[in-house]
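**Student:** What follows is each chain in one-letter form.
There are 2 protein chains.
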Amino acid sequence: MSELRRDSLTGRWVIIAAERAARPQDLLTDIHRTDAANDPFLEGHEDGTPPEILACRAEGTAPNTPGWRVRVVPNKFPALKPEGSLTTLANGVYDALEGVGAHEVIIECPQFETNMSRLPVDTVRDVLWVYRQRLIDLQRDPRLICPVIFKNQGAAAGASLAHSHSQLIVTPIIPPAIQGELDRALQFHNRQGRCLVCVMLEQELQSKNRVVLETANFVLCCPFASRFPFESWIMPKRHASHYETISPELLPELARVLGLALRNLEWALDDPAFNFVFRSAPFGEQGLAYAHWHIEILPRITGIAGFELGTGTFINSVAPEDSANILRKSTQRK
Amino acid sequence: MSELRRDSLTGRWVIIAAERAARPQDLLTDIHRTDAANDPFLEGHEDGTPPEILACRAEGTAPNTPGWRVRVVPNKFPALKPEGSLTTLANGVYDALEGVGAHEVIIECPQFETNMSRLPVDTVRDVLWVYRQRLIDLQRDPRLICPVIFKNQGAAAGASLAHSHSQLIVTPIIPPAIQGELDRALQFHNRQGRCLVCVMLEQELQSKNRVVLETANFVLCCPFASRFPFESWIMPKRHASHYETISPELLPELARVLGLALRNLEWALDDPAFNFVFRSAPFGEQGLAYAHWHIEILPRITGIAGFELGTGTFINSVAPEDSANILRKSTQRK
Numbered sequence: 004m005s006e007l008r009r010d011s012l013t014g015r016w017v018i019i020a021a022e023r024a025a026r027p028q029d030l031l032t033d034i035h036r037t038d039a040a041n042d043p044f045l046e047g048h049e050d051g052t053p054p055e056i057l058a059c060r061a062e063g064t065a066p067n068t069p070g071w072r073v074r075v076v077p078n079k080f081p082a083l084k085p086e087g088s089l090t091t092l093a094n095g096v097y098d099a100l101e102g103v104g105a106h107e108v109i110i111e112c113p114q115f116e117t118n119m120s121r122l123p124v125d126t127v128r129d130v131l132w133v134y135r136q137r138l139i140d141l142q143r144d145p146r147l148i149c150p151v152i153f154k155n156q157g158a159a160a161g162a163s164l165a166h167s168h169s170q171l172i173v174t175p176i177i178p179p180a181i182q183g184e185l186d187r188a189l190q191f192h193n194r195q196g197r198c199l200v201c202v203m204l205e206q207e208l209q210s211k212n213r214v215v216l217e218t219a220n221f222v223l224c225c226p227f228a229s230r231f232p233f234e235s236w237i238m239p240k241r242h243a244s245h246y247e248t249i250s251p252e253l254l255p256e257l258a259r260v261l262g263l264a265l266r267n268l269e270w271a272l273d274d275p276a277f278n279f280v281f282r283s284a285p286f287g288e289q290g291l292a293y294a295h296w297h298i299e300i301l302p303r304i305t306g307i308a309g310f311e312l313g314t315g316t317f318i319n320s321v322a323p324e325d326s327a328n329i330l331r332k333s334t335q336r337k
Numbered sequence: 004m005s006e007l008r009r010d011s012l013t014g015r016w017v018i019i020a021a022e023r024a025a026r027p028q029d030l031l032t033d034i035h036r037t038d039a040a041n042d043p044f045l046e047g048h049e050d051g052t053p054p055e056i057l058a059c060r061a062e063g064t065a066p067n068t069p070g071w072r073v074r075v076v077p078n079k080f081p082a083l084k085p086e087g088s089l090t091t092l093a094n095g096v097y098d099a100l101e102g103v104g105a106h107e108v109i110i111e112c113p114q115f116e117t118n119m120s121r122l123p124v125d126t127v128r129d130v131l132w133v134y135r136q137r138l139i140d141l142q143r144d145p146r147l148i149c150p151v152i153f154k155n156q157g158a159a160a161g162a163s164l165a166h167s168h169s170q171l172i173v174t175p176i177i178p179p180a181i182q183g184e185l186d187r188a189l190q191f192h193n194r195q196g197r198c199l200v201c202v203m204l205e206q207e208l209q210s211k212n213r214v215v216l217e218t219a220n221f222v223l224c225c226p227f228a229s230r231f232p233f234e235s236w237i238m239p240k241r242h243a244s245h246y247e248t249i250s251p252e253l254l255p256e257l258a259r260v261l262g263l264a265l266r267n268l269e270w271a272l273d274d275p276a277f278n279f280v281f282r283s284a285p286f287g288e289q290g291l292a293y294a295h296w297h298i299e300i301l302p303r304i305t306g307i308a309g310f311e312l313g314t315g316t317f318i319n320s321v322a323p324e325d326s327a328n329i330l331r332k333s334t335q336r337k
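For the record, the sequence lines run as chains A and B.
If you want the working numbering, it's the 1-based position in the first sequence plus 3.
If you want the working numbering, it's the 1-based position in the second sequence plus 3.
Just so you know, these hints were derived from the structure itself, not from any lab.
A couple of the hints might just be wrong.
As the list claims (entries may be wrong) - Across the chosen pairs, the derived CB separations fall in these ranges:
| id | chain 1 | residue 1 | chain 2 | residue 2 | range |
| --- | --- | --- | --- | --- | --- |
| 1 | A | P85 | B | R143 | 55 to 61 Å |
| 2 | B | E269 | A | R146 | 40 to 46 Å |
| 3 | B | G47 | A | H48 | 55 to 61 Å |
Said to hold, decoys possible - A partial selection of chain A residues facing chain B, derived with a Cβ cut-off under 8 Å:
| id | residue |
| --- | --- |
| 4 | M4 |
| 5 | R8 |
| 6 | P179 |
| 7 | G309 |
By construction, the Cβ of each residue, glycine as well, lies at the ideal position given by its N, Cα and C atoms.
One chain only, chain A, in its complex shape (with noise of 0.2 Å):
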């Protein structure tokens, strides 16, 4: 069972999932090794994952076994577990809960793909439509509180297995760094009355020099104090906090967006490695006025330091404008 311990000092919590490594050493193993004979998550290899949560899959096929498109299976090394209970496990001046919680992998593609931007819009969608049913479904659980659905594409941004996926954690506490954005986008809209995305968005739309495609109900836009180069944002048009509220009707333009923002990346940048994570309000009230959901895609073609970590401040050598230049001109080519 795994541990959620917060650090006094900072009020970070750290998940210690010490059974997802055996013996320490196995750490500076090469992990990014599969290739298409080893990869459990490949058709046919349905026996190397536990079994399946959530399948699109042709008529008539039975869960784990061939015949889908879209896979969600729980995490085999989890760094949080359904089973256990919530109890505090204080220790003097320290905190700590039980490992509660969800983390599901969702298998993106049945044949061996390493790239999410090379799969078709179709299956994009359908990634997509999981995502919102995987939330959907979640939240029933009262003990499960805040999802952060996430992919991690190249060695370089935390992959360990190369066949294209995401996954889904669900976290029964809400991380300081997501409740302290609630807070301020809350107090933004106690003072102005609006939701600070929303502004976000009609400043960006009206200056246009960090966009880089706006489509009928979505934008995608590089952020003023963007991260890291090339850091891009998908941001819905209307108003929504949670994104499984989404119409599933948006899903095929959301899925267009999605795969040209990543095609941009690999053409800009030659195939990087990167995160994208959905920013989407913790469960419980629905319809906030002043939450926003998004995505995030971080390329990592620059290091994290030792001053973003010890500051979570970060030193970003392209100027965003710069970037949707670029990502502008990558979009254009299609």
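Chain A is already provided as a structure; the job is to place chain B on it using the hints.
**Tutor:** For chain B alone, kept in the frame of chain A given last:
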């Protein structure tokens, strides 16, 4: 001139230092390519750096010539510069400042040596003395507020030059992550009448299961909520908020503990990349009862992935108690 930009949503600051990369494509080249021949930090290559600010050097030798042991120079590609003014560059919903501050490089030895752990204890003492002197000097500039001493060793830790060196950045603002830590420490002090780190130290020295080494004046210990496998902190036993107030008599002992901590890592983990960061209270009010300076040593054998970037919550697959055990054995081998 670089720019300090604040993300409206998170409050996070970002330094946009576009001059550091002449062209975005330059980010993609391997920057970890120095060897002795083209090493600007080598004795005799003094013209490869901006003129020195401070050096420990043999009597009778002139600045910017050979004869030095430790040398401080301005960073050739600074994230922040002393020139400029702190005018707010407001931009609609966004805040920004001119990139005013300090960014110095501490060259830790005249010969080509990549690992601080292999420097003699006297050299490490000189480095620690130089840190102290630079903080004492820099705080006379009222625009400089928050000093951050840090080290990137190894490409995976963000180092761009292999020759052993550390850096000092002083920001004109207090990064929210550091302000948050100060606020929490003050709240604890208001509630309990004691310094939080002093209480943590007491608890660690009682339980001993995370202590790696205790000397007369310092404790080396894996923190309860370690972000990384084999993370360890050096804390002075006697309460002090500002590193620069350390008595020079303690520097040889601190150098011995720091050297040991780094050699422990090398022996346990086969020469890992790592960062260290000094936590020392912002310039200004001295002798704070609630803040306690310390050094955080962060091995970089596991990646920082999307979950960590998205939530500030780290997944650590080695329990700090196990890390301490292994590091303690390394210490005893000596």
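**Student:** The structure should be examined with respect to each hint, and the outcome stated for every one.
**Tutor:** Structure-based check of each hint:
P85 (chain A) and R143 (chain B) have their C-beta atoms about 57 Å apart, which keeps the hinted 55 to 61 Å range intact. The hinted window of 40 to 46 Å between E269 (chain B) and R146 (chain A) holds, with their beta carbons roughly 42 Å apart. Between G47 (chain B) and H48 (chain A) the beta carbon distance is about 59 Å. The supplied range of 55 to 61 Å therefore holds. Look at M4 (chain A): its Cβ only gets to about 12 Å from chain B, farther than 8 Å, so that hint breaks.
A distance limit of 8 Å between C-beta atoms decides the matter here; for R8 (chain A) the minimum to chain B is near 4 Å, and the interface restraint holds. Interface restraint check: P179 (chain A) against chain B, minimum CB-CB distance 7 Å, threshold 8 Å, status holds. Residue-level restraint check for G309 (chain A) holds (minimum Cβ-Cβ distance to chain B is 3 Å; threshold 8 Å).
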